[in-house]
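Peer 1: Residue numbers (the UniProt record's numbering), protein chains in the order written: chain A, 1 to 278; chain B, 1 to 278.
Hints are not guaranteed to be accurate.
Identical chains blur together in the list; that is why a pair holds if it fits in one copy or across any two.
[To be verified] Keeping only pairs whose Cα atoms sit at most 30 Å apart, straight-line, the calculated DSSO-like set for lysine-lysine is:
| no. | residue 1 | residue 2 |
| --- | --- | --- |
| 1 | K177 | K148 |
| 2 | K151 | K168 |
| 3 | K70 | K42 |
| 4 | K70 | K166 |
| 5 | K177 | K151 |
| 6 | K168 | K70 |
| 7 | K166 | K13 |
| 8 | K51 | K106 |
If you are wondering where the hints come from, they were derived from the structure by calculation, not from laboratory data.
There are 2 protein chains.
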Amino acid sequence: MLYLVGLGLGDAKDITVKGLEAVRRCRRVYLEAYTSVLAVGKEALEEFYGKELILADREMVEQEADNLLKEADVCDVAFLVVGDPFGATTHSDLVLRAVKLGIPYKVIHNASIMNAVGCCGLQLYNFGETVSVVFWTDTWQPESFFDKIEKNRQNGMHTLCLLDIKVKEQSLENLMKGRKIYEPPRYMTVNQAAEQLLAIIQNRRLQGLKTDPMFQSGSLGLAEDLQGGMRREPDGASGRRLEERGVEQCSFSRSSKQDHKPAKGIKKDLKSGRDCKV
Amino acid sequence: MLYLVGLGLGDAKDITVKGLEAVRRCRRVYLEAYTSVLAVGKEALEEFYGKELILADREMVEQEADNLLKEADVCDVAFLVVGDPFGATTHSDLVLRAVKLGIPYKVIHNASIMNAVGCCGLQLYNFGETVSVVFWTDTWQPESFFDKIEKNRQNGMHTLCLLDIKVKEQSLENLMKGRKIYEPPRYMTVNQAAEQLLAIIQNRRLQGLKTDPMFQSGSLGLAEDLQGGMRREPDGASGRRLEERGVEQCSFSRSSKQDHKPAKGIKKDLKSGRDCKV
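Please put together the full structure from these sequences, using the hints given.
Peer 2: Below you can see the structure in the form of structure tokens.
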């Protein structure tokens with residue numbers, strides 16, 4: 001049996017009771033570690049679950065999924081995903097493969113940023129299409145996420161922006177030369193995302209194109225996280241919580257205390273660097 | 001301290017470990033019982049949590065919220081919500097009141113149908129505005145949910161339709177006469193929702209108005225639930241799982257077994273009466 005277990009968004013205890021029972025029952029437990037990272041490290045999870053976790057990176061999940069599934073055919077295997085298992089396409093793919101191979105599976109749902117974002121006070125009903133703000137490179141600077149935010153605005157909808165995460169990525173040079181040397185992990189901050197958005201606005205202005213009046217003021221709507229579960233960067237500059245999406249992340253800059261007050265005014269100036277943007 | 005604890009969507013064990021610890025720590029535990037109903041009854045929850053639960057109906061939550069909060073000022077109080085606590089406006093309101101009264105609170109998130117719907121195979125990214133299909137009366141037959149579905153279609157987005165739930169509602173006569181006599185609970189089935197949608201299409205055709213080509217074929221996109229946690233109706237006709245939204249529900253007609261296969265073709269004919277509609 002293959003168990004796809006959502007871990008929620010905070011720490012080790014955000015797993016459901018059902019999920020924890022499944023994990024403890026399994027002979028092998030994989031922790032999906034490339035679409036998202038939990039606030040607490042692998043060791044904290046291992047200690048709480050009482051199980052050794054096998055880190056599953058993109059290469060492993062995408063290339064060796066069939067081996068993982070073969071194991072699931074003979075014993076209980078758990079595949080742990082931060083947030084909810086069906087946030088990322090990759091995991092739907094794993095299920096489809098399991099079905100093809102006739103391997104039974106169970107899904108154990110959990111909170112995802114797709115619903116937990118409701119804690120900022122904005123109605124979940126009124127969110128339009130979710131967008132991914134991807135890291136620009138020198139040669140690849142897509143603007144499609146901006147168009148989607150603008151479209152949502154025109155329809156009176158909020159936008160949840162998931163910020164890019166680059167884990168175990170190769171430089172173009174290393175990729176070309178087939179060298180398995182990986183770049184240090186990168187997690188987009190809200191400031192970086194905002195810089196890209198401002199650059200798009202600037203581009204369009206230079207081209208004489210119109211943008212939504214909201215974007216004229218130079219401010220973007222940013223909401224702060226109302227929940228704990230933070231991760232401290234090595235530089236201690238900002239806490240950050242990652243999410244379960246494909247190559248995305250939602251980061252937060254609040255301190256790690258759990259008691260909090262609801263967002264009264266969720267719009268903050270760009271410069272304040274608040275992280276979970278809606 | 002006031003704890004707002006999401007219970008998830010299935011049974012007693014879908015609570016998170018953190019949530020369960022909070023519930024067991026609290027002196028008083030309320031179970032919100034009017035925006036949604038869990039697959040298992042109150043007794044099953046009480047047995048698993050080891051706590052007596054106080055059923056909180058709409059009247060209680062809306063009229064006596066301040067009393068509930070006064071308790072939370074002197075002892076630990078938990079407020080349990082099926083799904084995630086921030087699905088329904090009511091619960092945001094409770095938090096705002098707590099803040100006003102200076103009462104600390106913690107939110108413990110869980111899966112909501114807003115994210116768990118991803119299990120049907122449709123990408124969560126591509127959902128537009130969520131709609132509520134409300135029970136029509138003889139004198140009130142709103143069509144706004146249809147307009148929103150059509151708008152989402154035009155934008156290439158899926159729509160999650162939450163189906164109405166009427167719990168502890170008074171008839172107009174009893175309401176006028178101030179008699180606290182309540183109607184039996186009603187949960188909209190997908191067939192009922194589809195009947196209303198078809199009636200709208202019919203109305204618009206008679207008026208010579210255009211509707212989306214999808215609606216011409218007489219079929220609607222329906223997806224079946226891929227997760228367990230069903231509730232059997234007294235007549236045994238269909239299993240059904242309810243959700244945490246204001247006056248809404250998402251119901252399912254699958255059997256209660258947990259092992260399942262993913263939806264291969266998620267579109268089903270209207271007549272088949274599959275319940276979780278996306």
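Peer 1: Decide, hint by hint, whether the structure agrees.
Peer 2: Going down the list of hints, with the structure as the test:
1. K177 to K148: neither (36 Å within a copy, 51 Å between copies)
2. K151 to K168: This pair counts as neither: shortest intra-copy Cα distance 33 Å, inter-copy 40 Å.
3. K70 to K42: Within one copy only: 24 Å inside, 40 Å across.
4. K70 to K166: within (29 Å within a copy, 47 Å between copies)
5. K177 to K151: neither (41 Å within a copy, 48 Å between copies)
6. K168 to K70: within (25 Å within a copy, 51 Å between copies)
7. K166 to K13: Answer is within; shortest intra-copy Cα gap is 26 Å, inter-copy 34 Å.
8. K51 to K106: For K51 and K106, the Cα distance is within 30 Å both inside one copy (19 Å) and across copies (29 Å).
In the structure shown, a violation is registered for the earlier hints numbered 1, 2 and 5, in ascending order.
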